[in-house]
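A.B. asks: Protein chains in written order, with my numbering: chain L, 1 to 312; chain S, 1 to 312.
Quick caveat, the hints were computed from the structure, so don't treat them as lab data.
Any given hint could be a false lead.
In this list, chains with the same sequence are indistinguishable; a pair is considered to hold if it fits within one copy or across any two.
Stated by the list, open to error - Cross-link-like lysine to aspartate or glutamate pairs, in silico, DMTMM-like; alpha carbons within 25 Å at most: (1) Lys80 with Glu67; (2) Lys236 with Asp162; (3) Lys141 with Asp274; (4) Lys80 with Glu119; (5) Lys80 with Glu115; (6) Lys80 with Glu109; (7) Lys141 with Glu109.
Protein chains: 2
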Amino acid sequence: MISGGVGAARLLAGMVQVTDPARIAAVVNVADDTEFHGLLVCPDLDTITYTLAGAVNPDTGWGLAGETWAALGSLRRHAKANGRADIGWFALGDLDLGTHLWRGHRLAEGARLTEVTAEITRTFGLGLRLLPVSDDAIRTKVTTHDGGTLTFQEYFVRAQHDVDVATVRFSGAIEARPTPEATVALRDAAVVVIAPSNPIVSVGPVLAVPGIGEALSLRRESVIAVSPIVGGAALKGPAARLMTNLGEEASVVGVARRYAPFASALIIDTVDADLAGAVAQAGMTPVVAPSIMDTPERAAELARVCLAGAPR
Amino acid sequence: MISGGVGAARLLAGMVQVTDPARIAAVVNVADDTEFHGLLVCPDLDTITYTLAGAVNPDTGWGLAGETWAALGSLRRHAKANGRADIGWFALGDLDLGTHLWRGHRLAEGARLTEVTAEITRTFGLGLRLLPVSDDAIRTKVTTHDGGTLTFQEYFVRAQHDVDVATVRFSGAIEARPTPEATVALRDAAVVVIAPSNPIVSVGPVLAVPGIGEALSLRRESVIAVSPIVGGAALKGPAARLMTNLGEEASVVGVARRYAPFASALIIDTVDADLAGAVAQAGMTPVVAPSIMDTPERAAELARVCLAGAPR
Numbered sequence: 001m002i003s004g005g006v007g008a009a010r011l012l013a014g015m016v017q018v019t020d021p022a023r024i025a026a027v028v029n030v031a032d033d034t035e036f037h038g039l040l041v042c043p044d045l046d047t048i049t050y051t052l053a054g055a056v057n058p059d060t061g062w063g064l065a066g067e068t069w070a071a072l073g074s075l076r077r078h079a080k081a082n083g084r085a086d087i088g089w090f091a092l093g094d095l096d097l098g099t100h101l102w103r104g105h106r107l108a109e110g111a112r113l114t115e116v117t118a119e120i121t122r123t124f125g126l127g128l129r130l131l132p133v134s135d136d137a138i139r140t141k142v143t144t145h146d147g148g149t150l151t152f153q154e155y156f157v158r159a160q161h162d163v164d165v166a167t168v169r170f171s172g173a174i175e176a177r178p179t180p181e182a183t184v185a186l187r188d189a190a191v192v193v194i195a196p197s198n199p200i201v202s203v204g205p206v207l208a209v210p211g212i213g214e215a216l217s218l219r220r221e222s223v224i225a226v227s228p229i230v231g232g233a234a235l236k237g238p239a240a241r242l243m244t245n246l247g248e249e250a251s252v253v254g255v256a257r258r259y260a261p262f263a264s265a266l267i268i269d270t271v272d273a274d275l276a277g278a279v280a281q282a283g284m285t286p287v288v289a290p291s292i293m294d295t296p297e298r299a300a301e302l303a304r305v306c307l308a309g310a311p312r
Numbered sequence: 001m002i003s004g005g006v007g008a009a010r011l012l013a014g015m016v017q018v019t020d021p022a023r024i025a026a027v028v029n030v031a032d033d034t035e036f037h038g039l040l041v042c043p044d045l046d047t048i049t050y051t052l053a054g055a056v057n058p059d060t061g062w063g064l065a066g067e068t069w070a071a072l073g074s075l076r077r078h079a080k081a082n083g084r085a086d087i088g089w090f091a092l093g094d095l096d097l098g099t100h101l102w103r104g105h106r107l108a109e110g111a112r113l114t115e116v117t118a119e120i121t122r123t124f125g126l127g128l129r130l131l132p133v134s135d136d137a138i139r140t141k142v143t144t145h146d147g148g149t150l151t152f153q154e155y156f157v158r159a160q161h162d163v164d165v166a167t168v169r170f171s172g173a174i175e176a177r178p179t180p181e182a183t184v185a186l187r188d189a190a191v192v193v194i195a196p197s198n199p200i201v202s203v204g205p206v207l208a209v210p211g212i213g214e215a216l217s218l219r220r221e222s223v224i225a226v227s228p229i230v231g232g233a234a235l236k237g238p239a240a241r242l243m244t245n246l247g248e249e250a251s252v253v254g255v256a257r258r259y260a261p262f263a264s265a266l267i268i269d270t271v272d273a274d275l276a277g278a279v280a281q282a283g284m285t286p287v288v289a290p291s292i293m294d295t296p297e298r299a300a301e302l303a304r305v306c307l308a309g310a311p312r
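Isolated chain L, as found in the complex (with noise of 0.2 Å):
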């Protein structure tokens, strides 16, 4: 799979009720992931390990369920009684610091971020295999119309992602090398399926890495991609706002301009059957199918319409 964050953690966990988990192997977005504090934290990972363990905090989608903020609590102490409101805003939960701890420790230590990576999934007993699509720094730049540039969270997290973009970069995509485990995996898979995330900021900077997205086009018959936009909107985030403010159509056509040549087929809603043609003329074999996750039963007949691969 070709990961992003949230969308992609829910499809993974209906895959795990379909299929073998030690057959899976997710390539993860990293272009999320800042250094807060010292301590690097990676979002998208951190997201689907806690999702598929079953700990993610259910109200948000993200973080650990029982959370708790003393850590932040002082840390913002600090920042107010030395007038510093740009420091403490990103939400650090205590046993969420602990990964990021760990996960500092071991990238000190020489690590890569994919060693530390399986490290993380086997503390929570994960049966999959997830990989950070390269152990290089790679870390999306967001312009806004305004002329400021932000980094991925100062966007999706402190400005709420309620700007308009003008530009999006991914700072290091160029140099990045991808890592020899995601190469294979996406070499030796049956089927490799773009998760529903946010096509231009999760699975965007996946494909920016040089070789992954050639590699795609590649194999692009057994590449299936789900849409993240039903109906003509994004079901969390900021996917079709970003589509509109780069020129692009905010819709399943719109998304399968932007796959087509990495991807043969386009798994879209129900709602959006009346878009199959238009996806076809874009270049993708629509596949129309229920595709809101909002049961681990939903997530599961997804999973199994994506396993069964693009139609020939």
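Model the placement of chain S on the given structure of chain L, informed by the hints.
C.D. replies: Here is chain S on its own, set in the frame of chain L:
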């Protein structure tokens, strides 16, 4: 004051009862400081801050009252799942972590440890000045009789100082520069007090910073030390065993021999009154006074004795 952690904190808590806190500066040991998981932990600075703020854990004398341990539990879960018993042994509470995150953030921005310490004491509403002796890294290294080398926290916390020590050295001390703030404070103070901290591993590294020991020697007549050894034993910690290991006498006389070049008077407890003559022979004027600070009143009383300065 020349200061370590717990003993110095108690004496400073006495001092702020009997004099204007704005007139007090403590030049604090930094050789216990250790990086854990990418965050700089400064035990002596934080113990003083937490103690003077009335926020210290009264059961331990370090850490914060009402502390929680969620992050550490999470970190240890990762360590256990991945066979790394060497990660997570140092007790970092959630509230305490907030302080270390603040410090890490500010140091990464380029702030000096002296500035960050001032910020942390501001958060806790302290009226006195805590001055790290140096903004440069100084790290105590202990070699044991079996030939191993330990960092200070490995010796003090992990091994619970239950080992015999062959040598103690202060890595980085020779290259370290004292801060301008510490230098000025030690030059301008009416009285300099050497706190009842461990002479070898708390006061020792402060005196080892080039210029600090010399500055005290030059004004030796107005420097008074408080013996941390009472009745041949340390009130807390390994001072007595360390002194014995290093061939010094674990008594007020041993303390006097060590401090004679830097201070003219030594406060010894009433239980050691019979050693006053030997202290004088070792080159320091003995001042016999109750020195066990088991109540705030006794700490205030000892502070008064200190502030009266060395007898002429």
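A.B. asks: None of the hints should be skipped; say for each whether it holds.
C.D. replies: Against the structure, the hints:
| no. | hint | verdict |
| --- | --- | --- |
| 1 | Lys80 with Glu67 | both (23 Å within a copy, 20 Å between copies) |
| 2 | Lys236 with Asp162 | within (13 Å within a copy, 56 Å between copies) |
| 3 | Lys141 with Asp274 | neither (36 Å within a copy, 73 Å between copies) |
| 4 | Lys80 with Glu119 | between (36 Å within a copy, 10 Å between copies) |
| 5 | Lys80 with Glu115 | between (37 Å within a copy, 16 Å between copies) |
| 6 | Lys80 with Glu109 | between (33 Å within a copy, 17 Å between copies) |
| 7 | Lys141 with Glu109 | between (28 Å within a copy, 20 Å between copies) |
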